[in-house]
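Engineer: Sequence lines, in order, name chains A and B.
Sequential numbering of the first sequence, starting at 1, is according to my numbering.
Sequential numbering of the second sequence, starting at 1, is according to my numbering.
Careful: at least some of the hints might be erroneous.
To be verified - For lysine to aspartate or glutamate, the following DMTMM-like pairs were computed, each having C-alpha atoms within a straight-line distance of at most 20 Å:
| id | chain 1 | residue 1 | chain 2 | residue 2 |
| --- | --- | --- | --- | --- |
| 1 | A | 20 | A | 88 |
| 2 | B | 42 | A | 22 |
| 3 | A | 41 | B | 15 |
| 4 | A | 14 | A | 27 |
| 5 | B | 79 | B | 15 |
| 6 | A | 64 | A | 104 |
| 7 | A | 14 | A | 65 |
| 8 | B | 45 | A | 87 |
| 9 | A | 14 | A | 59 |
| 10 | A | 41 | B | 7 |
| 11 | A | 41 | B | 56 |
| 12 | A | 66 | A | 99 |
| 13 | B | 42 | A | 104 |
| 14 | A | 41 | A | 87 |
| 15 | B | 45 | B | 56 |
| 16 | A | 41 | B | 57 |
| 17 | B | 79 | B | 56 |
| 18 | B | 45 | A | 59 |
| 19 | A | 20 | A | 104 |
| 20 | B | 45 | A | 99 |
| 21 | B | 2 | A | 59 |
| 22 | A | 66 | A | 88 |
| 23 | B | 42 | A | 88 |
| 24 | B | 45 | A | 104 |
| 25 | B | 45 | B | 57 |
| 26 | A | 64 | A | 88 |
In case anyone wonders, no lab produced these hints; they're calculated from the structure.
Source: prediction; values computed, not measured.
The chain contents come next:
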Amino acid sequence: GAVVSQHPSWVICKSGTSVKIECRSLDFQATTMFWYRQFPKQSLMLMATSNEGSKATYEQGVEKDKFLINHASLTLSTLTVTSAHPEDSSFYICSAQRDPGLAEQYFGPGTRLTVT
Amino acid sequence: RKEVEQDPGPFNVPEGATVAFNCTYSNSASQSFFWYRQDCRKEPKLLMSVYSSGNEDGRFTAQLNRASQYISLLIRDSKLSDSATYLCVVLYTGNQFYFGTGTSLTVIP
Numbered sequence: 001g002a003v004v005s006q007h008p009s010w011v012i013c014k015s016g017t018s019v020k021i022e023c024r025s026l027d028f029q030a031t032t033m034f035w036y037r038q039f040p041k042q043s044l045m046l047m048a049t050s051n052e053g054s055k056a057t058y059e060q061g062v063e064k065d066k067f068l069i070n071h072a073s074l075t076l077s078t079l080t081v082t083s084a085h086p087e088d089s090s091f092y093i094c095s096a097q098r099d100p101g102l103a104e105q106y107f108g109p110g111t112r113l114t115v116t
Numbered sequence: 001r002k003e004v005e006q007d008p009g010p011f012n013v014p015e016g017a018t019v020a021f022n023c024t025y026s027n028s029a030s031q032s033f034f035w036y037r038q039d040c041r042k043e044p045k046l047l048m049s050v051y052s053s054g055n056e057d058g059r060f061t062a063q064l065n066r067a068s069q070y071i072s073l074l075i076r077d078s079k080l081s082d083s084a085t086y087l088c089v090v091l092y093t094g095n096q097f098y099f100g101t102g103t104s105l106t107v108i109p
């Protein structure tokens with residue numbers, strides 16, 4: 001168990017367009033989902049924490065109006081990168097957690113975004 | 001001081017060797033501890049959870065020392081497929097996860 005999927009796995013878009021990334025927990029209900037980004041040869045950087053049915057909590061320096069997060073159900077969270085720019089090109093990874101405060105995070109396979 | 005610190009390596013070891021990584025954390029109220037492995041351009045995958053003093057799974061042993069605030073990961077009989085970056089992750093109260101920067105391991109034939 002504990003499988004997390006992400007879609008799309010990679011996307012290329014033009015500067016100024018918006019991109020939506022989906023994160024699904026396939027075999028469990030995730031009370032909490034996390035969104036990360038990772039640049040080459042760097043560690044994961046937490047962008048936001050998302051709890052089902054409530055607003056996401058963004059980390060300092062992450063623009064909530066640029067990175068829209070929706071956690072509409074216990075198995076789905078979406079991240080929309082609005083008005084993407086080349087500097088937004090990165091590896092975006094989501095993770096899901098069964099029970100907040102106790103359990104492990106299970107990561108999706110990531111989405112590689114390239115903005116041209 | 002960083003919340004979680006790891007030696008970035010790289011560790012280059014021959015096949016069959018035993019290798020150990022350490023990870024230190026700053027908050028004594030930390031609840032849970034995890035080791036993940038991450039292959040290049042892939043997502044982290046859970047390797048082991050450490051809830052008490054330690055955990056063993058085949059060739060992998062994780063140990064927790066709360067008094068000294070460190071977690072270790074021991075890999076015995078290293079395989080080529082063990083080559084990856086190993087991430088130490090600490091869970092604090094309030095569901096706050098802190099990641100180490102990772103330790104790079106290359107197992108050489």
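Engineer: Which of the numbered hints above does this structure break?
Structural biologist: 3, 4, 6, 8, 9, 11, 12, 16, 18 and 19
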